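J.: Listed below are the residues making up each chain.
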Amino acid sequence: MSEKKTFEQLHIDPIQQQILAQVAELHEVPEGAYSLRVNGASAAVGSSEHVTIVKKEDKPGIDIYVAPGTKHESIHIPVVLSQTGLKDLVYNDFHIGEGADVVIIAGCGIHNCGVQDSAHDGIHSFFLEKNARVKYVERHYGEGDGRGGVLMNPTTIVELAEGSYMEMDTSQIKGIDSTVRVTRGTLAENATLIIKEKIMTHGEQYAETNFSVELNGAGSSTDVVSRSVARDQSKQKFLACISGNTACHGHSACDAIIMDQASVQAIPELAANDVEASLIHEAAIGKIAGDQLIKLMTLGLSEEEAEAQIINGFLK
Amino acid sequence: MLELRHISYSVEEEGKVIPILQDINLTLDDHFIAFTGPNGGGKSTLARVIAGIIKPNEGQILLDGEDITDLNITQRAKAGISFAFQQPVRFKGITVKTLLDLAAGKPLSLKAACAYLSEVGLCAADYVNREVNDSLSGGELKRIEIATVLARGTKLSLFDEPEAGIDLWSFQNLIQVFERMHQEIQGSILIISHQERILNIADQIVVIAGGRVRQQGSKDEVLPALLQGEASLRPAGACFGKKQ
Chain A
1 MSEKKTFEQL
11 HIDPIQQQIL
21 AQVAELHEVP
31 EGAYSLRVNG
41 ASAAVGSSEH
51 VTIVKKEDKP
61 GIDIYVAPGT
71 KHESIHIPVV
81 LSQTGLKDLV
91 YNDFHIGEGA
101 DVVIIAGCGI
111 HNCGVQDSAH
121 DGIHSFFLEK
131 NARVKYVERH
141 YGEGDGRGGV
151 LMNPTTIVEL
161 AEGSYMEMDT
171 SQIKGIDSTV
181 RVTRGTLAEN
191 ATLIIKEKIM
201 THGEQYAETN
211 FSVELNGAGS
221 STDVVSRSVA
231 RDQSKQKFLA
241 CISGNTACHG
251 HSACDAIIMD
261 QASVQAIPEL
271 AANDVEASLI
281 HEAAIGKIAG
291 DQLIKLMTLG
301 LSEEEAEAQI
311 INGFLK
Chain B
1 MLELRHISYS
11 VEEEGKVIPI
21 LQDINLTLDD
31 HFIAFTGPNG
41 GGKSTLARVI
51 AGIIKPNEGQ
61 ILLDGEDITD
71 LNITQRAKAG
81 ISFAFQQPVR
91 FKGITVKTLL
101 DLAAGKPLSL
111 KAACAYLSEV
121 GLCAADYVNR
131 EVNDSLSGGE
141 LKRIEIATVL
151 ARGTKLSLFD
161 EPEAGIDLWS
171 FQNLIQVFER
181 MHQEIQGSIL
191 IISHQERILN
201 IADQIVVIAG
211 GRVRQQGSKD
221 EVLPALLQGE
231 ASLRPAGACF
241 GKKQ
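Chains A and B, in that order, give the protein sequences.
Residue 1 is where the first sequence starts when you use our numbering, and the numbers rise one by one after that.
Residue 1 is where the second sequence starts when you use our numbering, and the numbers rise one by one after that.
What the hints contain is simulated information worked out from the structure, not anything from laboratory work.
All values derive from a computational prediction rather than experimental measurement.
Cβ atoms here follow ideal geometry from the backbone N, Cα and C, with glycine treated the same way.
Watch out, some of these pointers could steer you wrong.
Some chain B residues close to chain A (C-beta under 7 Å, calculated; not the full set) [stated by the list, open to error]:
no., residue
1, Ala51
2, Ile53
3, Ala77
4, Lys78
5, Phe83
6, Val89
7, Phe91
8, Lys92
9, Gly93
10, Leu102
11, Ala103
Mimicking DMTMM-like on lysine to aspartate or glutamate, the simulated pairs with C-alpha atoms at most 20 Å apart in a straight line are [to be verified]:
no., chain 1, residue 1, chain 2, residue 2
12, B, Lys78, A, Glu304
13, B, Lys106, A, Glu307
14, B, Lys78, A, Asp291
15, B, Lys92, B, Asp126
16, B, Lys106, A, Glu303
17, A, Lys174, A, Asp232
18, A, Lys196, B, Glu131
Starting from the given sequences, assemble the full structure and let the hints guide the process.
T.: This is the structure:
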């Protein structure tokens, strides 16, 4: 372990610092293990006593090894792109040892003020050993005043061993022109995968999320919950496929508010391959209820303020 | 003081004009006023007209002498009118505390928010961080709805059938809430109700039937006739004559 450095020492400029604050709430180089990736290259990597981060030799990316039994550690792995036209592809593999319990804060921010598209495609694989627990938080954010697009296509692969638990909290609130998110989960006995997704699209943006969960172990369960708001002419597609291959519980829900000329498509798929599999899907898409607006207006809010409150609450 | 002058409202259905309110004239300057009358008689519509949710075809509304006819819902709320819905609205993601903050127009201290909830008989600690969503029962929602009106503390508070859709046990408590409100609240309360115990604490009762004001007066003037059951005036399903 080396002495903690400042952003300036790592040559992270003010725009990049601002993006780090947005996507990872980082205002300084974090304590504990971290990896900062800036403009397609690793800017800094730090390991801790129980968490080792190693750069991959054969391709861009890192391997993160969390020692068995590690408790109460946070790992920060934000990515920043501020160079227009850059297409970044990164492979991050997380190996979480038996009984470990950690929080991983990822996030990608793109600042594009050029005319070419900037893209970040992250392929994250999680391997949780027996009884390991992970809370994974990922925020996606884009900004810039150029005409270049901001594209993000994250893929997440989750393999959960017996009794392990993973909660994935993802949000994409602003500025991503196009995203196709793919998440695949495979669960062993008594493993649990909770996915909470929040998306807001506006302008001409497109967001597609594609979840597929295989419940292979007895007593495994998953809950895939998507809340989204589509404004202007933006389009969203939600696909969730849950396969129950044994005695298990699966639930997916897509709850969307649609505004202006936006469109939202929800495509649930449930495959029960065992008589003991219990699978449920719920989907509700609609505009903001008139009664909700009226109620908040009777409290003295203007229609615009009421709408903002409803959306903020919905995506909280 | 609230004045309604020649308020009329009608809707069109399959080419036919259906009158809902017909030339309503009322001057309401009491502390606690109850609107009663049969279902479909126009009470809720009139309350919504007062709150600005429904725009009447004709007529004028004055609040403390100021013409508020052309004010929208937000402007009327700011002018001092609160409205508790008969069927309170649910919000995914908005907590009880946030709703109370919005009602008060400022972030309330936890203590203040809890005081409003306790006032309506809810154990504040259990509710303050709950979302105003499907997890709340009808009775709980009604109480939260009333708490938002208390948090606003405006000069006129409208309650549209606060007793509707709640169980008998909750109703007993609700009556106490209104009895307390009658003593403590500074402004005027206008409550739509079919319940004798609520009508009993009213300073003035207005009977609305067939879109018109059928009778108006003190409870001593109006209640006996209602209790004796003038059929045309008695609200459907009302429990008049029996103590709850």
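J.: Work down the list of hints and note, for each, if the structure agrees.
T.: Checked hints:
no.: 1; hint: Ala51; result: 6 Å, holds
no.: 2; hint: Ile53; result: 6 Å, holds
no.: 3; hint: Ala77; result: 4 Å, holds
no.: 4; hint: Lys78; result: 5 Å, holds
no.: 5; hint: Phe83; result: 4 Å, holds
no.: 6; hint: Val89; result: 4 Å, holds
no.: 7; hint: Phe91; result: 6 Å, holds
no.: 8; hint: Lys92; result: 5 Å, holds
no.: 9; hint: Gly93; result: 3 Å, holds
no.: 10; hint: Leu102; result: 5 Å, holds
no.: 11; hint: Ala103; result: 5 Å, holds
no.: 12; hint: B:Lys78 x A:Glu304; result: 16 Å, holds
no.: 13; hint: B:Lys106 x A:Glu307; result: 18 Å, holds
no.: 14; hint: B:Lys78 x A:Asp291; result: 19 Å, holds
no.: 15; hint: B:Lys92 x B:Asp126; result: 18 Å, holds
no.: 16; hint: B:Lys106 x A:Glu303; result: 18 Å, holds
no.: 17; hint: A:Lys174 x A:Asp232; result: 13 Å, holds
no.: 18; hint: A:Lys196 x B:Glu131; result: 17 Å, holds
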